[in-house]
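Single-letter residue listing:
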Amino acid sequence: MARYDRAITVFSPDGHLFQVEYALEAVRKGNAAVGVRGTDIVVLGVEKKSAAKLQDSRSVRKIVNLDDHIALACAGLKADARVLINRARIECQSHRLTVEDPVTVEYITRYIAGLQQKYTQSGGVRPFGLSTLIVGFDPYSGVPSLYQTDPSGTFSAWKANATGRNSNSIREFLEKNYKETSGQETIKLAIRALLEVVESGGKNIEVAVMTKEGLRQLDEAEIDAIAAEIEAEKEAVEAAKKAPPKEK
Amino acid sequence: MKLDTSGLESAAPVWGAPSELVDGFSAAPLFEVPNTTDFDGFQKEAIQMVKPAKGTTTLAFIFKEGVMVAADSRASMGGYISSQSVKKIIEINPYMLGTMAGGAADCQFWHRNLGIKCRLHELANKRRISVTGASKLLANILYSYRGMGLSVGTMIAGWDETGPGLYYVDSEGGRLKGMRFSVGSGSPYAYGVLDNGYRYDMSVEEAAELARRAIYHATFRDGASGGVASVYYVGPSGWKKLSGDDVGELHYKYYPVMPSTVEQEMIEVAGA
Chain S
1 MARYDRAITV FSPDGHLFQV EYALEAVRKG NAAVGVRGTD IVVLGVEKKS AAKLQDSRSV
61 RKIVNLDDHI ALACAGLKAD ARVLINRARI ECQSHRLTVE DPVTVEYITR YIAGLQQKYT
121 QSGGVRPFGL STLIVGFDPY SGVPSLYQTD PSGTFSAWKA NATGRNSNSI REFLEKNYKE
181 TSGQETIKLA IRALLEVVES GGKNIEVAVM TKEGLRQLDE AEIDAIAAEI EAEKEAVEAA
241 KKAPPKEK
Chain G
1 MKLDTSGLES AAPVWGAPSE LVDGFSAAPL FEVPNTTDFD GFQKEAIQMV KPAKGTTTLA
61 FIFKEGVMVA ADSRASMGGY ISSQSVKKII EINPYMLGTM AGGAADCQFW HRNLGIKCRL
121 HELANKRRIS VTGASKLLAN ILYSYRGMGL SVGTMIAGWD ETGPGLYYVD SEGGRLKGMR
181 FSVGSGSPYA YGVLDNGYRY DMSVEEAAEL ARRAIYHATF RDGASGGVAS VYYVGPSGWK
241 KLSGDDVGEL HYKYYPVMPS TVEQEMIEVA GA
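Each protein sequence line maps, in turn, to chains S and G. The opening position of the first sequence corresponds to residue 1 in UniProt numbering, with each subsequent residue numbered one higher. The opening position of the second sequence corresponds to residue 1 in UniProt numbering, with each subsequent residue numbered one higher.
Because the hints were derived from the structure by calculation, they are not lab data. Each residue gets a CB set at the ideal place from its N, CA and C atoms; glycine is no exception. Keep in mind that the hints are not guaranteed to be accurate.
Claimed, not checked - Pairs of lysine-lysine residues, derived as BS3-like cross-links and limited to a Cα-Cα distance of at most 27 Å, are as follows: (1) G:K87 - G:K240; (2) S:K29 - S:K242; (3) S:K159 - S:K212; (4) S:K212 - G:K240; (5) G:K117 - S:K118; (6) S:K49 - S:K203; (7) S:K118 - G:K126; (8) S:K159 - G:K126.
Unchecked claim - Which chain S residues face chain G? A few, computed with CB under 10 Å, are given here: (9) T98; (10) E106; (11) R110.
Starting from the given sequences, assemble the full structure and let the hints guide the process.
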């Protein structure tokens, strides 16, 4: 097995590309990221490791925009992310220049996935060690979308998804609790999902909301308020569960 | 003195092994400079050779119901009429038309090429390309061949999500958006009739008649235009050929021969 993971253009006898799988491992070690699509809004949430005291937290934005109407969050190697994001931003502008139209979410996702795939089939390079969650609204049609890409270069559209650390638990939670929502409800669902695996509080998560008007980063106070609301709701549900038996 | 040929090189990045991974714009082929003593003169001659070939009349305009496109069908080589039945309106795809003026081969080839690119765009993006996008693709290609002797003066007309679209694109690399255009040696005459009779709210029949008349008048005065006046209409469901009339017949339709009054009639005299 060890002989088949040097140059990644080589398949192993049982059909694996080990470098790609190792890249997926790197993603699994990265911070949790969740995306939820509503009817008029798409929400991205990312786990934020507590900032070092001397670090300027404003320089460590985890949710970035690729264009006015498209945003991206990722899990994995942050340096690889920077390179990929720069290329995607250039492609968004290049598309505007050549066809005088903004990109659709599917187009830029396909571009990013294509780029990730190219690096799994070339000599002397390694795959990008990150999975991305791409959200946005299509120009003209105004339909909201959420897409995910991974190091192998595959992509697909999702109603809600998670990547990074503990993404399986988050996805399970979403599968159980997802329903078509809009506005504030969608934001709450995304934060609830992320709080399944992250310590509560505005300090530990970064949330951004994409509407037709553009991307809005939620500030700590807002996140804290919503987290508190969620806590209160949870307690109410717990209390309701305990109450009825007593009444008997 | 070494000639400065940097202007002939395209600005796109050069293809090389490492840059395979760099998504660049497709580069135009590098042009080998011919060995002459006077390169500038040679260039001028080459351009002059192709210039007179824009012997044609084509026009297109946007009105309330869509886009009207019309053209003549004469091809001339200097003073020799080489054909009276050239198709100057090229069907790029069922909802987009291109007109031909300049080098026939250049126009035909690059319009076919544009049709391919439009179809690939549709397949990749699951939606039709806009007229804006299609005209920009063509203009960028023509710009990258600037100075290499292409002669193309075309109008891209179509109907997309945003409604009717009309763009003028030429081999100098120019691209203009507009409501009325006429291209070719007969265009001044066509403009005269077109600009005079144009109204935004015309019916399809009125617009077709205006286009037909404009082409006819251009063929009447311009020696390099003639043959058949074809008129196409582009509407929400695509383009449709409305008519193709021989301009000779149109002449007698617009200016029928009046029987002149006879003062004296010659009567056949019975044999004496």
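(request) Please work out if K29 of chain S and K242 of chain S have their alpha carbons no farther apart than 27 Å. (result) violated (38 Å)
(request) Please work out if K212 of chain S and K240 of chain G have their alpha carbons no farther apart than 27 Å. (result) violated (38 Å)
(request) For the pair we were handed, K87 of chain G and K240 of chain G, check the Cα-Cα distance against 27 Å. (result) Holds. K87 of chain G to K240 of chain G sits at ~15 Å (cutoff 27 Å).
(message) Next pair to validate is K159 of chain S with K126 of chain G; report whether the Cα-Cα distance is within 27 Å.
(response) Within the cut-off at roughly 20 Å; holds.
(message) Next pair to validate is K118 of chain S with K126 of chain G; report whether the Cα-Cα distance is within 27 Å.
(response) holds (23 Å)
(message) So if I understand the rule, the pair passes when the alpha-carbon distance is 27 Å or less; does K159 of chain S with K212 of chain S pass?
(response) Given pair K159 of chain S, K212 of chain S holds - Cα atoms ~17 Å apart, limit 27 Å.
(request) Using Cβ atoms only, decide whether E106 of chain S comes closer than 10 Å to chain G, and label the hint accordingly. (result) holds (8 Å)
(request) Below or equal to 27 Å on CA atoms is what counts here, so check K117 of chain G against K118 of chain S. (result) Satisfied, since the Cα-Cα distance of roughly 23 Å is no more than 27 Å.
(request) Starting from K49 of chain S, check that the Cα of K203 of chain S is at most 27 Å away, please. (result) holds (9 Å)
(request) Have a go at the T98 of chain S hint: is there a Cβ in chain G nearer than 10 Å to its own Cβ? (result) Holds - the Cβ of T98 of chain S comes within 10 Å of chain G, reaching about 6 Å at its closest.
(request) For the hint on R110 of chain S, just tell me whether its beta-carbon gets within less than 10 Å of chain G. (result) At about 8 Å, which falls below the 10 Å cut-off, the nearest Cβ of chain G leaves the hint on R110 of chain S intact, so it holds.
Hint violations for this structure: numbers 2, 4, all remaining hints satisfied.
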